[in-house]
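Engineer: Each chain, written out:
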Amino acid sequence: MDVDDQVTPALTLRGVSKRYGPVVACDAVDLTVRPGEIHGLLGENGAGKSTLMKILLGLVQRDTGTIDRDGRSVEIETPQVAADLGLGMVHQHFSLIEPLTVWENVILGDTGRVDRAAACAQVEEVGRRYGLPIDPLARVDRLSAGERQRVELIKCLRRDPSVLILDEPTSVLTQAESAELFGVLRRVVQAENRAVILISHKLAEIISATDRVTVLRRGAVVFQGETSETTPQLLARQMVGREVSLQNESAALGLLPVEAPTGGHSDETAAPAAASPPTPAPAGPPALRLHEVSVLVGGLPLLDRLDLEVAAGEIVGLYGVEGNGQATLGDLLSGLVVPDTGTVEVAGRPVDLNRPGSMHEAGLGVVPEDRHRSGVVLDMTIAENLVIKSLDGVCTRGVLSRRRMNRFAREKMTEFNIVAPSPDTPVRSLSGGNQQRVVLARELSAGPKALVAAQPTHGLDVGAIEDMYLRLRRAAAEGVAVLLISTELEEVMALADRIAVISSGKVVGVLPTAEATAERLGMLVGGVSH
Amino acid sequence: MSAADNIATILSSGARLTVPLAFAACGEYVAQRAGTLNISVEAMMLGAAFGSIAVASATGSATIGLVAGAFVGMSVAFVHANLSHRAQINTFVVGLVLNALVLGLTSYLITVSSFTGHQVWQVDVPVLRDIPVIGPLLFTQRWPVYLLLAVIPLTWWLVERSRWGLELRAVGENPQSADVSGIQVNRRRRQALLWAGLLAGLGGAYLAVGEVGSFNQNMTAGRGYLVIAAVIFGAWRLRRTLIGCVVFGLADASRLALPALGITVNSQLLIAAPYVLALLAMLFFATKDHEPRALAQPFNRGTV
Amino acid sequence: MAGTDAAGRRLLNRLNPGVGGWQVGAATVVTVSICLGLSALLIAATGGSPIAAAKALYQGGMASQSAWTSSLLYVAPLLLVAVGACVSARSGFFNIGQEGQVLIGALAGAFVGLRLALPGPLLLVVVLLAALLASGAWAGLSALMYRFRGVNVVVSTLLMTFLAQQLVAFAVNTPWLLQESRLGTGVVSPQSNPLPENARLVSFGQFPNLQVNTGLILALVVAVALALALARTRWGFRLKMLGLNPVTARHAGVKVGLLGGLALATSGALAGLAGALLLTSPVGTNRLQPGMSLNIGWDGLLVALVARNNPLLSIPVAVLFGVLRAGGGFLAATGVPSILVDVVKALLVLAFVAPPVVIGMLRRRRPSGSSGTPTTPTATPTPTGPAPRDGADAQVPATDATGGPTTASTRNVMEGRPA
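Protein chains in written order, with our numbering: chain B, 1 to 530; chain S, 1 to 304; chain A, 1 to 419.
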C-alpha cells in the first residue's frame, strides 16, 4: 500500500497499542504521515482516534509500539516533548482560556520570559501569513466561534509545527468558515511542506480535503490509502465493517454530505421519510409550541424570538450547525434556563417556565444533549435514576418504597433492553448506550405528550443508534410529538417529517423533509432565508 | 493632644496593624488567582508567629526569627498543597484541619515552653520623621514594612507580567485548558500556595517579632480570615485587596485608639466591620468579573 | 461564585463510605496509629509522659460513671452540629459556619429565656425553638446570598461566624440587651444573667452515678431521625440527587436553591440547637458568654468529617470527641497542657479523611501501568470518565461533563439563569 517511499515520513507509528483495563483503545496501530499531505483520520466515535492523538501529544502513554519522527525513534512523554518534536494540535474543545486575551492564550504553554509586544506582533504576523486576522489584545470571551478557531490555529501554527493535528475542526463552524479553514490548511501543506492530520467523522470533509486517509475501527487500522482512489461508500464500509445500506446508519455516519449536493443523494435521503406514515394533519393545538422565545446573555441573544411547533405524532428535526442556540434550547426545555421572553405551550397549555419540574408535569419529556450533565445522576443506581422525575409514584406520604422502585426498574430494564446486572447497578458503570436507554425509558414511561431528543445518538455505537431511532419512530407512531435537535443533517433527514433550520438562535425556515434538498438546507443554515 | 496628633496616632497604629494583613493578603491573592480558596492562611500566620518567636528566642536574632516564620508559613503551605493539590483532599477540609492543628500545636507548645522577647529593628530617618503625620508613618517603621513595599509590586509583577503568573491565572480560570496547553495545573497551584505560605508567614512573623515582640496563645485571633475577607473585598484585584487591608487595619486601630481619645465607638462593630464589608462587597459590587472561574474547584486530570 | 456546590459534591464523593472497603480500613488503622504516635512523640518531646497522659484522658473521659457524665454532656451538642453538617454537606451546600451558628442559637435562646416569663417546661421548649429558628435563619442568610448574588456558601458561612461572635459580645456588653444586672456594687461581667431553672434541661441519675442529660436524648433522636430521613424519604432522595448532580436535580424538578437553602438552614438550626444545649445543660454556666461555644461548632464539623457525613457514624465519633474533651480536663494534672487534645483531634481528622481519598487516587492511577510522573496523575479512565464499554475512544465531548464545565453550568442553574 505504501507508495513513493523516497520521502521520509514525517511521522510513523508501528504497532502502537493502548489498553484501558479490559478495553483496547488502540490495537497495533500503524500510521504513516508524509510531509506535504493532509492525512484524514476517519473513524466512528470510539474507534480510537482520540486516544491515538493523545499518545502523539504526550497526554497518554502507549503500552506498546514505536513512534518515529522524521525517521528517528522518539518517546513522547509529556506535551512539552510533543511540542518540541513539532507536533501541534488544534483541539476541538477546552483549549482557550476565556478571561485571558488572545496573545496571552497564544503564548500559553511556552517557556521563558513573557514579551507582550513580541507576542502581539507574532499573532498579527502569523494571522497575516495564513489569512487569519485577529486582534491580539481582545479578550477571548468576546470572540465568536470562528474567531476562536482562528486563535487556536494561530496558537498552533506560530510554533511552526511540522505535523499539525486538527480534531473535528468544523463542528462549530459554518460552511463558509469551514471552506476558509481548509483553504488555510491547503496553503500550510503545499507552501510549507507540513503534514496535517485531519480527524473527522464527516466523509464529505475527508473526501474533499485530504490527500490520504486512514480508517480506524475498534482501535485498529482497517484501511489506509489515497483519498482520490476511494469513494465515500468504500470508506463508510471500512469504517463500519459491513456494507452501509440502512438509511439511518448512513445518516449516523454522515455519509451523505451537504457540501456535495448531488440531486441523487438528497432524493434518496428523502425517500424513506416519505415512505414512513404520512404526516398527520395537525388538528387542534400543536403538542409542543414555542412562541417568540428569547434568551439573552449580556445583551447577546442565544435564542432570538424562536418560533416552533410540533404536532402530535410528528417528528420535527431541528437542524443547524452546533452553537446556534441548540444547547440553550435544550436547556430551556429541560427547565435549566428561563427565557427572557416568550412562551412554551404543551398541548395548548402554557408552561410555567420559572418553576422546576413544570415541563415534566405538563407532559414534556427530554433526552438531553449531555446526559452526564443533566440526564442522569451517575452515582445513583438505575432504579433511582428511573424515578428521579416521578418520586411521587414510589413514595407513600414522603417515604420511599425501595421495593416499588426496584419492581418498576426491572420492568423498564426489560422493556427498554437496558443491560445491567441489577436495578441497583450505578449508572456510572453502564455503557453510554445503556445510560441513554435509562434516560429514554424514564422519559417515555411518564407518558409524555411531547419528547425532545437533543443529539440523542452522540457518542453511541451503531447498535444503540439503531435502537434509539426505532424508539423515537415508535414514540411518534404512538402519538408523541418528537422534537429532534441534531447537528447531523442525515439523522434529521432520516427521522424527521419536517425539518426546521436553526441559525443564530432563530428558526430560519421549516420544510417538509421531502422538499428539503441539501442546497436549500445549506442556504438556510448559512442564514439565507430565501 | 491636638487633633493632628490623634490622627497621626490612629494612622500609624493603623499602618502597623495593616502590615501583617497586607503581607498575607499578597499571598492569599496569588493563591486565589490560581484557584485555591486558601483558608489555612490563619494557620500559616499563627504558626509563623510562633516559629519566629521561638527561633528569635533561640538565636537571639529577631531577623532570623522572621525568616524562620516565613519558613513555617511555607511548611504549612507545603502540607496544605500536597494534601489538597496532590492527594486531592478537599481544600476546605484541609484548611479547617490545619487551622485547628496549628492552633492546638502552638497553644500547646507555648504552654510548655518560655521564650524571651525579640523585635526587629526600627528604621528611623532623622529629620524626615519629624514631618507631621506622614513623617512617623513613613520614616519610623520596622524594617519588614519596607520589605512589604517591595513585596507588593513584586506580587503584581509576578501575577500580571511573568510567565509563571500567566500560567497561574490560566490555572485559576480554566484548569482543563491549561492542562491541554501543557501546564502542570496542580504543580502551579502548589507553587502559588507556597508563595501564599511565604507571605502569610512573613505577616504572621511580623505580628510577633515585629510589633509585639512576643507570642501569646491564638495570637493571630482570626487575622487570617480577615485576609480572606480582604481578597474578596478586593474582588481579586491586588490594589483593591490592599485597600481592604488598610481599611481593616484602620478599623482595628480606631477600635484601640478612639476610646483613649474619649470618643466612644462600638468596638464590636469595628471588629465585625471587615467581615461585613467583605460580605457587602460580594453582595453589592460587581465582583464576578475578576473572580477566578475555577476558584475552589479541584483539578484532577483523571476525572475530567 | 464557583465551587460551593463542587466542594460539597467532591467532599461527598470522596468521603463516601464503602468506597475503599478493606484497604481504606487498613489504611485508616495505619494513619490513626501514626496520629497517636505523633501525639505521644509531642508529649515526650516536651517532657511529659505519653502513658500518663493517656491514663488521664481515660480517667477523665470514661473511667468512671461521673467521667462518662461529663463526656456525654459534650457529646450532645457535638452530635447535633455534626448531624447538621452531614445534611448540608450531602446537599452540596457546604456549611463551615457552625461555630457562629452555635452562638446565634445560644444568643436567641438566652434572649427568649431571660425575657419571657413562661411557666414550667414551656419556657425551655420556647428557648430551644428560638435557638433552632434563629440559627436556621442565620444560616439561611448564606443560602439567600448564594441564591440571589452567587456568594460562595463556604465563604459567607465562614465570615458570618465572626459576625456572630461580635453580636454575642455586643449583647452581653450592652445593659439594655443581655448584660447581667448589677447586684449591689458588684462588678458587671460581659455575660448574661443565668437562665431560670425552668429553662434548663433536666438530667437523669444522681452524682456520682451516671447522669444523662435530656439534651443527649434529644441529640440521639435527631441523629437517628435524620439518618432515616436521609436514607428513606423523598426529601433524602432529593438531597442526595442535589449533592451528586445539581443540574440533573433541577431538570428533575428539584427547586435547587430552596432544597439546598433548606439543607443549609437545617444545618444551621441544628447548630443553633447545640448552642441552646450549651446554654441550658450543665455543661456551662447557663449564662450567655462570648466564649461559651467552646469551639463546639468547629469540633462538630470535624466529627462529621471523620464520620464521612454519615449521621449514624457521627454518634460514636461524637462520643470519642466528647471523651477527649472531658479527659482533656484531667491532663493538666500530669503536666501536659489540656490543649493537647485539640492537636490529637485535628490529627485524627486527617487520619480518617486521608485514606479513602488517597486510596481512590492510587487506584485511579494504577491501571495506567506506565511511568506516570508522580507530579500529575496520568489521564486514565476513572469512575467519573465515560464508561469503558461506551467505546475505547475515551472522552467524547458530549460525555465530558463531570469535571469543571459542569460546575460552571451548575452555577447558572442555581441562579436560574443561562450562561
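Read the hints as simulated data drawn from the structure, not as lab findings. Please note: incorrect hints may appear among the correct ones.
Pairwise CB distance ranges, derived in the manner of DEER restraints [what the hints assert, rightly or not]:
no.: 1; chain 1: S; residue 1: F139; chain 2: B; residue 2: A145; range: 28 to 38 Å
no.: 2; chain 1: B; residue 1: D68; chain 2: S; residue 2: A150; range: 48 to 58 Å
no.: 3; chain 1: B; residue 1: G146; chain 2: A; residue 2: A225; range: 55 to 65 Å
no.: 4; chain 1: S; residue 1: R161; chain 2: B; residue 2: G71; range: 35 to 45 Å
no.: 5; chain 1: B; residue 1: R397; chain 2: S; residue 2: P259; range: 18 to 28 Å
no.: 6; chain 1: A; residue 1: V32; chain 2: S; residue 2: L258; range: 43 to 53 Å
no.: 7; chain 1: S; residue 1: L149; chain 2: A; residue 2: N295; range: 16 to 26 Å
no.: 8; chain 1: B; residue 1: Q190; chain 2: S; residue 2: L149; range: 10 to 20 Å
no.: 9; chain 1: A; residue 1: K55; chain 2: S; residue 2: N218; range: 49 to 59 Å
no.: 10; chain 1: S; residue 1: A150; chain 2: A; residue 2: L362; range: 54 to 64 Å
no.: 11; chain 1: A; residue 1: L177; chain 2: S; residue 2: F284; range: 25 to 35 Å
no.: 12; chain 1: B; residue 1: D307; chain 2: A; residue 2: Q23; range: 50 to 60 Å
no.: 13; chain 1: A; residue 1: A137; chain 2: B; residue 2: G146; range: 31 to 41 Å
no.: 14; chain 1: A; residue 1: L177; chain 2: S; residue 2: P259; range: 38 to 48 Å
Every beta carbon over 10 Å from chain A, so not counted as near; a handful from chain B, in silico [said to hold, decoys possible]:
no.: 15; residue: A145
no.: 16; residue: D392
no.: 17; residue: V510
For each residue, glycine too, the CB sits at the ideal point set by N, CA and C.
Engineer: With reference to the structure, classify each hint as holding or not holding.
Structural biologist: Hint-by-hint comparison with the structure:
no. : hint                            : verdict
1   : F139(S) <-> A145(B): 28 to 38 Å : 58 Å, violated
2   : D68(B) <-> A150(S): 48 to 58 Å  : 52 Å, holds
3   : G146(B) <-> A225(A): 55 to 65 Å : 58 Å, holds
4   : R161(S) <-> G71(B): 35 to 45 Å  : 42 Å, holds
5   : R397(B) <-> P259(S): 18 to 28 Å : 60 Å, violated
6   : V32(A) <-> L258(S): 43 to 53 Å  : 51 Å, holds
7   : L149(S) <-> N295(A): 16 to 26 Å : 38 Å, violated
8   : Q190(B) <-> L149(S): 10 to 20 Å : 58 Å, violated
9   : K55(A) <-> N218(S): 49 to 59 Å  : 28 Å, violated
10  : A150(S) <-> L362(A): 54 to 64 Å : 43 Å, violated
11  : L177(A) <-> F284(S): 25 to 35 Å : 28 Å, holds
12  : D307(B) <-> Q23(A): 50 to 60 Å  : 58 Å, holds
13  : A137(A) <-> G146(B): 31 to 41 Å : 51 Å, violated
14  : L177(A) <-> P259(S): 38 to 48 Å : 20 Å, violated
15  : A145                            : 14 Å, holds
16  : D392                            : 8 Å, violated
17  : V510                            : 25 Å, holds
Violated hints, listed in ascending order, are 1, 5, 7, 8, 9, 10, 13, 14 and 16; each of the other numbered hints is respected by the structure.
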